[in-house]
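Here are the chains, one letter per residue:
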Amino acid sequence: MLDKYFPNVAANWQAFTESILETIEMVIIAGLISFVVSLLLGIILVVTQQDGISPNRVVWNIIDKLINLFRSIPFIILIVALIPLTTVISGTAIGVRGTIFPLVIGITPFFSRQIESALNDTNSGLIETGEAIGLTNFQIIRSIYLHESISGLTRMTTTTIVSLIGLTAIVGVVGGGGLGNFAIQYGYQQNQFDVTLACIIVLLIIVTIVQILGTLISETLKH
Amino acid sequence: MATGVINFKKVNKSFDTDEGVNHVLKDIDLSIPKGKIFGVIGYSGAGKSTLIRCINGLEKPTDGTVTFNDQIVNQLDHKSLLNLRGKISMIFQQFNLMPGRTIAENISLPIKYQGFSKEEVSSKVRKLLDLVGLPDKYSAYPSSLSGGQKQRIAIARALINDPEVLLCDEATSALDPETTDSILTLLKQLNKDYGITIIIVTHEMHVIESICDDIAVLDKGSIVEQGNVYAVFSDPKEELTKKFINTTSNLKISQELVDTINLRPGQKLIRLSYRDGETVTPLISDISRQFNVNANIIIGDIKLIQKQLLGGLIIVLDGDKAAVDSAEQYLQQQKDVEVEVINHAR
Ligand SMILES: Nc1ncnc2c1ncn2[C@@H]1O[C@H](COP(=O)(O)OP(=O)(O)O)[C@@H](O)[C@H]1O
Ligand SMILES: [Mg+2]
Numbered sequence: 001m002l003d004k005y006f007p008n009v010a011a012n013w014q015a016f017t018e019s020i021l022e023t024i025e026m027v028i029i030a031g032l033i034s035f036v037v038s039l040l041l042g043i044i045l046v047v048t049q050q051d052g053i054s055p056n057r058v059v060w061n062i063i064d065k066l067i068n069l070f071r072s073i074p075f076i077i078l079i080v081a082l083i084p085l086t087t088v089i090s091g092t093a094i095g096v097r098g099t100i101f102p103l104v105i106g107i108t109p110f111f112s113r114q115i116e117s118a119l120n121d122t123n124s125g126l127i128e129t130g131e132a133i134g135l136t137n138f139q140i141i142r143s144i145y146l147h148e149s150i151s152g153l154t155r156m157t158t159t160t161i162v163s164l165i166g167l168t169a170i171v172g173v174v175g176g177g178g179l180g181n182f183a184i185q186y187g188y189q190q191n192q193f194d195v196t197l198a199c200i201i202v203l204l205i206i207v208t209i210v211q212i213l214g215t216l217i218s219e220t221l222k223h
Numbered sequence: 224m225a226t227g228v229i230n231f232k233k234v235n236k237s238f239d240t241d242e243g244v245n246h247v248l249k250d251i252d253l254s255i256p257k258g259k260i261f262g263v264i265g266y267s268g269a270g271k272s273t274l275i276r277c278i279n280g281l282e283k284p285t286d287g288t289v290t291f292n293d294q295i296v297n298q299l300d301h302k303s304l305l306n307l308r309g310k311i312s313m314i315f316q317q318f319n320l321m322p323g324r325t326i327a328e329n330i331s332l333p334i335k336y337q338g339f340s341k342e343e344v345s346s347k348v349r350k351l352l353d354l355v356g357l358p359d360k361y362s363a364y365p366s367s368l369s370g371g372q373k374q375r376i377a378i379a380r381a382l383i384n385d386p387e388v389l390l391c392d393e394a395t396s397a398l399d400p401e402t403t404d405s406i407l408t409l410l411k412q413l414n415k416d417y418g419i420t421i422i423i424v425t426h427e428m429h430v431i432e433s434i435c436d437d438i439a440v441l442d443k444g445s446i447v448e449q450g451n452v453y454a455v456f457s458d459p460k461e462e463l464t465k466k467f468i469n470t471t472s473n474l475k476i477s478q479e480l481v482d483t484i485n486l487r488p489g490q491k492l493i494r495l496s497y498r499d500g501e502t503v504t505p506l507i508s509d510i511s512r513q514f515n516v517n518a519n520i521i522i523g524d525i526k527l528i529q530k531q532l533l534g535g536l537i538i539v540l541d542g543d544k545a546a547v548d549s550a551e552q553y554l555q556q557q558k559d560v561e562v563e564v565i566n567h568a569r
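Protein chains in written order, with my numbering: chain B, 1 to 223; chain F, 224 to 569.
One or more hints might be untrue.
Claimed, not checked - Using 25 angstroms as the maximum straight-line C-alpha spacing, the simulated DMTMM-like pairs for lysine to aspartate or glutamate come out as follows:
hint	chain 1	residue 1	chain 2	residue 2
1	B	K4	B	D194
2	F	K335	B	D121
3	F	K283	B	E128
4	F	K347	B	D121
5	F	K310	B	D194
6	B	K222	F	D559
7	F	K347	F	D359
8	F	K302	B	D51
9	F	K475	F	D442
10	F	K249	B	D51
11	F	K335	B	E128
12	F	K341	F	D353
13	F	K283	B	D194
The hints are simulated quantities; they were obtained by calculation from the structure and are not laboratory data.
Every value quoted in this text rests on a predicted model; they were computed, and no experiment measured them.
Working from the sequences, and respecting the hints, build out all of it.
Below, the structure is given as structure tokens:
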């Protein structure tokens, strides 16, 4: 069947499966790094905002403006602009290794905003209660903000992973590897339409799995 | 002056808003006696929440001082403030239980980081659950509880640090009348059994008359009247205080009602308000006997405030015109009764 409907995919089967693994690898590594950074930024934004538990205008403004700045740069341009820095940090600007840094920079502003919004969904009365029962700011972050928004955080993380999968495909265009790269090389440059179609199907499957898993986890975390 | 467990001295609080400075508390002087139930009543927006939040440092006065025992609350550093909040705990109108935690986890949240063993925490929680009458809710989640049950759990949480003071910000305002009474009974019991000083801010007169010993009336950020509840109720000086008292009294009858009572010649519609704890009946039988008049009680409204009677009657005096007049005069002469002729027949 594969030979009949996807002859060019079958012909490059190994490269195809490799590119799937590469995409998954990029999503996981960039996603994990970005999660840590975004969680930190999201927490700082919520804590330092005007009615936060430790307001700090300067810190909030710097992070807020930086995020807005990076969000306004189209990703493809950001990748190119980052190439010198990427080379310094990752040792190379191509291949999977070269994609992680631009992917993290590309997704973190979005991810931080998602986390900020999930944390801000915590009922302000609960935060006030945390203060009234004598918890420190750190304890409030841990036991109330994070604990009570875990379901929201899961939902936001799911949305972000889906966006990140999109970014990995774009990164492929500039020699990054993964399904995007595979689609460009065979589907576009060699005009093999079945390759493009196969890439779409695989991406669709990955996105669906992510979304189903995300919803499932988010629902079980709700009370 | 500074004799209470909590004292406010010349406390002012303003908020800077986009529309300008909002002066929310104005020259508040308050002394809250140890072991008492102190009520603050005022309309929504009067500044009640701001006032009560100054006590545990959630809000910082713009100037003046709030003291707890010999500590000046608004000058404490953050660490001492966190300690203070173990001794002054708080419950809220919306209960504010953590939806993602079980009842046991909710109750023990204030001591989660204090290094108690699992067994110690669990035994404290069970004792408190017994105290608030919900022993079987240990592993339940807040979403499965009714409003009254949620407030009981919030009270248990507030007690886990053995506080000296319990602050209640509209703690019963989200509850139906019956549940309100059961929570008030619980608060009264805590006050009596453990000597916890309770401060209640509310817009409901019913709460004040049910359990408070002392009261302050807050109007647009100023305290306009304060004192012992019975004293304030029996002889209110301020218009606002009278308004609040009337919200729970049915002695204030409408003109409509007055019009429906058809008085025959000689009859008078009279309101009697009692001002000390004496019983009511002798007066009525007195005038019936002495002046040979009939006193028909139309409305009676007597309540028990701090174990003393307070309230009055609306009566129709009926009889010979001269007799009715002398009976009225007799009533006017009684020191402890306020007499008001609402209507008389032409
Ligand atoms: N953090 C705040 N910033 C600005 N204004 C506030 C703040 N908190 C309260 N206020 C204002 O203070 C006034 C009194 O509020 P509050 O103390 O909540 O009254 P109450 O509890 O009696 O309804 C209101 O006009 C409110 O808008
Ligand atoms: Mg309020």
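Output the numbers, in ascending order, of every earlier hint that fails for this structure. 4, 5, 6 and 13
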